[in-house]
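**Q** Sequence:
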Amino acid sequence: ESTVDPEKAVAASGSEATSGDTPVGPDGYYSEDGTAPATAWINGVDTTQSVALAEFLGVSSGEQIDGASVRGWFNRMRAPSGAKLGRKPGPTTLPGYDLTFCAPKSVSVLWGLTDSPSVRAAVDAAHAAAVSAAMEYVTEHAAYTRRRVDEDTVLVERTRGLSGVKYEHRTARSGDPHVHSHVLLSNRQLCADGKVLSLDGVNVYHEARAGGMIYQATLRAELTSSLGVAWGQTVNGCADIVGLDDPEMLDAFSTRTRELDQWRDANGVVAAGDIADDAEEAAASAALTRIAQKKTRQIKDLQTSLAEHEQQWQVQLRGIPQAAEVREFIDRLDPTGTGTPAESDGAPAVTGGGYPSVDEVLAAVSAERSTFTRADLVEAVAALVGPGVAADQIRASVEQVVDEAIASTSAWSVTPDQARSFDRSKREGSQRFTTSVVVAEVDRGIDLATAPATARQISVGQARSMIRPVAGVLSVQQADAMVSVVTSSSRASVVVAPAGSGKTSSLKAAHAVWSAAGCQVVGLAPTGKAADVMTGEDVADESSTIARVFRQVDGLDPVAAAGVLGWDQDTVVVVDEAGMVATPDVVRLLEVATAADARVVLVGDPHQYSAVKARSGMLATLAHELPDAVELSEVFRQQDPAERAASRGLRDGDGPAVARAADWYAEHGRLSAGSVSAMLTDALEAWHADVRAGWESLLVADSNDTVDALNVAAQQRMAADGVIDPTGTCVPVGSRSAYVGDVVLTRRNDYSLVSSAGEPVRNGQRWKITAIGVDGSAQLCRLDGIGGNADAAVTVTVPAEYLEQHTQLGYASTGHGCQGVTVDAARVVTEATRADRAGVYVPLTRGRKVNALYLSETSPGDSETGHDRATTIDAADTADAVDSGLRRESVEYARDLLVAACSRERADVTPHALWGKNWDQWSIERMSTDLAVDVHPFAGTPMAEAMERRRQLRDTRWDAYADRVSGQAAEVADMDVTEVADDAAVPAEAPVGPSPRPEAQRRLHAVPTRVLQQATEFPFLVASKIRQLTTEMGQSDAAVKRVEQLCGELEACRQQVAECDRKVQVAARRVQEAEQVAGTGIGWMKGRKKKVSEQQDIAQARREHDVAAVQRDTAIQTFKQRSRELEVATGRAERVQVSPERREQLGTEVEMYRSLQDVAEVNRELRDRQLETQHMEARAADTVVKDPGVDDSDDIEVVFDTYDATPANSASSFFGHSIEESLAHVHHRRNRKHDRNSTNWGTTPGTENPGLDQEPDGPEF
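The sequence shown runs 1 to 1261 under UniProt numbering.
Derived by calculation from the structure, the hints in this document are not laboratory data. The structure displayed is predicted, hence computed values, not measured ones. Certain hints may be false.
[As the list claims (entries may be wrong)] Listed below are the simulated PhoX-like cross-link pairs for lysine-lysine, each with C-alpha atoms no more than 20 angstroms apart in a straight line: (1) 426 with 917; (2) 195 with 84; (3) 849 with 1025; (4) 917 with 1025.
[Stated by the list, open to error] Simulated restraints, written as ranges between beta carbons of each label pair: (5) 1049 with 721: 35 to 43 angstroms; (6) 754 with 547: 30 to 38 angstroms; (7) 318 with 93: 44 to 52 angstroms; (8) 420 with 462: 54 to 62 angstroms; (9) 920 with 236: 18 to 26 angstroms; (10) 773 with 359: 49 to 57 angstroms; (11) 936 with 153: 15 to 23 angstroms; (12) 311 with 421: 16 to 24 angstroms.
Glycine included, C-beta positions come from ideal geometry on N, C-alpha and C.
Generate the whole structure from the sequences, applying the supplied hints.
**A** If you want it as C-alpha cells, here you go:
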C-alpha cells in the first residue's frame, strides 16, 4: 500500500459542485461536514519565501480556513487574500493534488484502542512531525513549474514554495481506526517573478513516494523516542510496532469498502454453509455483525461519534484470539519512555549511528533495478534508517547520505544529458544512475556470452540438411533462425520471440539437430509450468526451474556447480522466458556453462514481463551485442492476420504503430473503458458467453484483488448454470470455497504431488475438481496441458492442506500468471492508470480467436482514505438500476487510454541499453536542431569510457563474425574465388556531378560518429525515420478523406434505413388489408378455393413484412457500425491533423534525414570501392580475401572517427572527404549501375545485402 497517493486529484471538479443548497467542492469532501476543518499549509523553499507566500495568500501556515475560502482557492482560483491565481478551472482542469500520508495499521490501532490521552497525543504529535518532514522534502524537490522561453525551449524553474490546505482524519471509510492526513496542493503556485503558474505534475508524482518514505522513517523515530516502541521488519518502507504486528489482529481492523470489494460481495456465491443456523448465535457474534455492517456501508459514517467508534473497536478487539496480549501491551506504554515494550526483531542492519553506509544504500537500491534516480536513493536510505536516530534530523541526514552516494566513485551517471546542471529544461528526477558493480556484472555477462565456445560445433551444411521449412509447421524465417542458433560459435545465442511467434516449434527443430550431434539439451525456465512445456513439447531432454538448479549448487564455484549438474561440452542449456530472468541469474548461468564448456540459448521477449523485484534487461543487451542474435517477427497464434499485425504494433511501442493497433482494437469492438463495476461486469458477461459457446476463455486482471473478485463472480455464474452445486460438499481453496466442477489454480511447485503423467504439481497450472474426499482432499484433472490444450487424462489427488494454503479459484489469472498460456479468448481487465506496455501486450496476445481489453478507472475517493460513495452492483437490482450505476466511456476514450498505456515502459533495462538510447537521442536532437556540439555531457564520464570499450570489442566481434559468415557462404555454395577476380578488376569511373547545395541549406553541420556509423551500417533505420515523418504528413489527408467517406456511407445507411422502414410499413398495411379481406363475406357461401387464396395472400404479406423487417434490422446494425467507425475516424483525424507549422517542421526534418541518408550512402560507396581494390589485389596474389567488416580500413576509420566538436571544423571536414565531394559522388553513383555480386559480404550467394543496393529516396543534387 502506497503511503502517498498523488494520483488522487482534488475531488471537486473545476465547476463548483453542490448538494442541495450546500456547496461541496474540496472542503465538503474532505472536512467531513465540518468536523475536520482545513488548516493552511505553506512551505517556502526558505524562510523568506515562506513569509512572501503567506503575505500573498493572506493566510498563515496552520491557520484554520473555512469552507468558503477553500472553495474559492481551489474551485475559483482565488486566494484567501483575494489575489487572482488564474482562470476558473473547467471540467477537465486539475485544481490540485492530494498527497495522503497514512500511518501503519499498527499505529492506527494503537491510537484507536488506547485509553490514555497522552499516548494518543504522542501518536498525533509524531504523525504531525512526520507529515511536516515529508512535505519539506516534497517542497525542496517538487516545487517546479515549466516556462516556455521560445518556440523550441521550455525551462523547468523553481517556484517560491508549495501551498495548500491540510485535513486531519483518524478513521477510514469503513469506520476502522486509520490515522492519516490529506495535504491538498494547489495547482497554481507563486513564482520568483511574481507570476502564478501551474505546478509541474511530473515532479510531484516522481517525488511523492520518496516523501512518503521520509514520513515513515520520521514517524518511527518520533514514536520510538516518545513511547519507546520497537519496530518489525521494514517492507516497502513501512513497519509495524512489535507487539501490535500480529497479521490476524491487523486484518480485523483493515476492512475494505472499495467499489471492487462491494462488486465482489454482490456477485459472489452464498454457500449454504455460510448461513448461520442459529440467528441468536449469529447476532451474538461481534465478527459477523461487524462484517454485515461493513458490507452495506458505501459512504464514510459521519454520524457516529468517536466514543461510539471506540466502543465498537473494543468489541472488535475482544473478537480476536490475541485480545489479552494486545490490551496488555497497549496499557504498558508510557509517553515518558519508562515503559518496557518488546524489543525489535526486524530492524534493518545498518552501520554508522543508525544511518546506512554508501555501499549499503547502493546495494539496496540496485538490488531491484539496474538504474535509479535520486528519489530512489532517498527511498532506500529512509527505509534503512535504524533505531536511535534524532527524528528532527532525519530528512537532512537522509539527503546527506544520498548526496554522498551520488558523489562516490561507485555511482555512475548513465544519463548525464538529463542533469539539470547541464540542461535547465530537464526535470530533477530525469537523471538516472547506476553502480560500478552493476556495470561490471553486465560486462561480465556480455564477455561470457560472446566468448567463443570450444564445444561441439555443427556445420551449416549439416544444420540446413536437417532444418528445412515445412508449410504449417516451420516457416522459412524460423528455419533460418534455428540454423543460425545451432551453428553459432559463441558461448550463448539469443532468440527474440514475440508472443505467438512459434518459438516452441522452432526450438523443436533445433533440438533434433543437437540430438543428432550427440548433445544433451537441458531446459530451464523461471516457472515450473514453462519448464514442463519444454520437455512435453520435445524442446529439451530434461527441464527444471532456474531457482531449483541454483538451490542444488548454492555456494559452489562454477566448476564444482557444473560437475554437480552434469554439464559438459556436449550440453546445450536452453533458457525459456529469459526476459524474466534476473541479470545476476543470467551471469551465474553463463559462468557455470563456461566452466562446463556448454552452450547457452536464451529465448524470450524483452517487451514482455521482466524479472520481479530484481534488476534485469540482460536479454535485450545480449541481443544487441551478439552478431548472430535472431528475432522471430512472424506471429501465428491469432487467427485473424490483422490482429497479429495489431499485436506487433502494441509490442513495438512506436507511436504510429501503437495508434494503428489501437484503432484496430477500437474498430473491432475489443476496447472498453469505464468504472470498475462496469468493466468487471462487461468482462464477466463476455467470458460467460465464451464458456457457454464452448470456448476456452480466461479472465486476466492486473491485481490479485481483481482476480479474486472475478473468480468469485465467475463461480457464481457456474453455480447459476448448474456446473457446480454450492449446497454440496466444498473444500477451502485459499480464502474461498470450491466445489466439484470448479476450476482451481495451483500456486506452488510441489514435487511430492505427482500427477498420473509423472509430472509434479506446478505453480500456475489450472485444474478442475472432479471429486472431493471425506478427508478434505480433492481429485483434480488438468485443464492446461502441453501446448495449451486441456488434458483430462492427467489427474492428481491433492491433500486438504495444500488446497487451503496453495490454491485459489482459477477462472481468472494475473498477467504474469497467464504468460505462456494459449486460450480461445482472453478477457483482460486492468486499471487504466496502472497499465503499461507489457501489462497490455502480454495478456492481449493469449487468445486465438478473441482478445479484449477492459480499462477500468477508479473513482476519486474509492480508497481506504476516501470519503466518497462507491458505485456498486447488487445482484438483486433491476436492469435499469444496474445500468444507472455503471459508467461506460466512448470507444474513442478507451482507445486513447490504450495508447497512453503503451507509452509507459516500466521494464528494467541495463545501464548499457539506457546509455546507448540516450546517446543516440541526444546526438539526433543536436543534429536536427543545428546546435553546435561544443559541450559534451557524456565526455569523460566513467560510463562513457566503459561504453567505448564495449564498442571496440563489439566492432572486433562483428569483424570476426563477418569473416565466419563469409566462410560459411563459401562452404554452402562452394564458390570459386578465381572466377570473380577478372570481374572485380574493372576500374571505377571518376566521380562527377553538379555542385552541392549551399551550406545554408544543409542540415548536417555536426553529425556524431555513432549516428553516422549507424546510418551507414543500418540504412533501413534512416529510411524508416523518413517514412515515419512522411507518413505523419500524409496521415492527415488520409484521415480527412476517411471521415468524408464514412460520412457519405453513413448518409447512405440512413437513407437505406428510412427506405427499409417504409417497406416495413407498406408490408404491414398489406398484412392488415389481407386480414381484413379474409374476415369479410358470408362464411358458408365462400368457396373453399377463395378461402385458401386469402390465407395464401395473408402468408405472403406476412413473409414480405418479415423480410422487410430483417432488412431494416440489418440496415440499422450497419448504420451503428458506420457510426462507431466514424467516431473512431473522427478522433483519429483530430489526432493526426497537421498544422502548417508542423508540416513545415516535418519537411525540414525529412530534408535533414535525407541528407544523412545521402552521406551514409557515400560512406558505403567508399567502403565498397576499397573492398573492390583489396579484392582485386587479393585475387592477383591468388589469396583468399579476409572480410574487412564495416570499418576495417584507413579511409573508413577517417570517416567514422575524425570528429572535431568545434563548429568551425564540423561543417566541412568531418568526413575526411569534403561534403562537396561526397554529394557529387552521391549524384554520380545514382547514375551508375553497379554489379556487386563480388562484394556481398556476410550473405549467401544470390541474396542482396540490405542497404548496399537500395537507392536513397532523397532529391537529386
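**Q** Starting from residue 849, check that the Cα of residue 1025 is at most 20 angstroms away, please.
**A** Violated: residue 849 and residue 1025 sit about 34 angstroms apart, past 20 angstroms.
**Q** Can the restraint linking residue 917 and residue 1025 be considered satisfied, given a maximum Cα separation of 20 angstroms?
**A** Holds: residue 917 and residue 1025 sit about 16 angstroms apart, inside 20 angstroms.
**Q** Return holds or violated for the Cβ distance of residue 936 and residue 153 against the range 15 to 23 angstroms.
**A** Holds, at about 20 angstroms.
**Q** Quick one: are residue 920 and residue 236 within 18 to 26 angstroms, going by C-beta?
**A** violated (35 angstroms)
**Q** Could you check the hint for me, namely that residue 420 and residue 462 are 54 to 62 angstroms apart, CB to CB?
**A** holds (58 angstroms)
**Q** Is the gap between the beta carbons of residue 773 and residue 359 within 49 to 57 angstroms?
**A** Distance hint for residue 773, residue 359 holds at roughly 55 angstroms.
**Q** Indicate whether the distance between the beta carbons of residue 754 and residue 547 respects the range 30 to 38 angstroms.
**A** Taking Cβ atoms as reference, residue 754 and residue 547 lie about 19 angstroms apart, which means the hint is violated.
**Q** Decide if the proposed pair is consistent with the structure: residue 195 and residue 84, CA atoms, cutoff 20 angstroms inclusive.
**A** holds (10 angstroms)
**Q** That 16 to 24 angstroms hint for residue 311 and residue 421 (C-beta), does it hold up?
**A** violated (59 angstroms)
**Q** If you check the beta carbons of residue 318 and residue 93, does the distance land in 44 to 52 angstroms?
**A** At 50 angstroms between Cβs, range holds.
**Q** Hint says 35 to 43 angstroms; check whether the CB-CB distance for residue 1049 and residue 721 agrees.
**A** holds (41 angstroms)
**Q** Taking only the CA atoms, is the gap from residue 426 to residue 917 under or equal to 20 angstroms?
**A** Measuring from Cα to Cα gives roughly 17 angstroms; hence the hint holds.
When the structure is compared with the earlier hints, violations turn up for hints 3, 6, 9, 12 and for no others.
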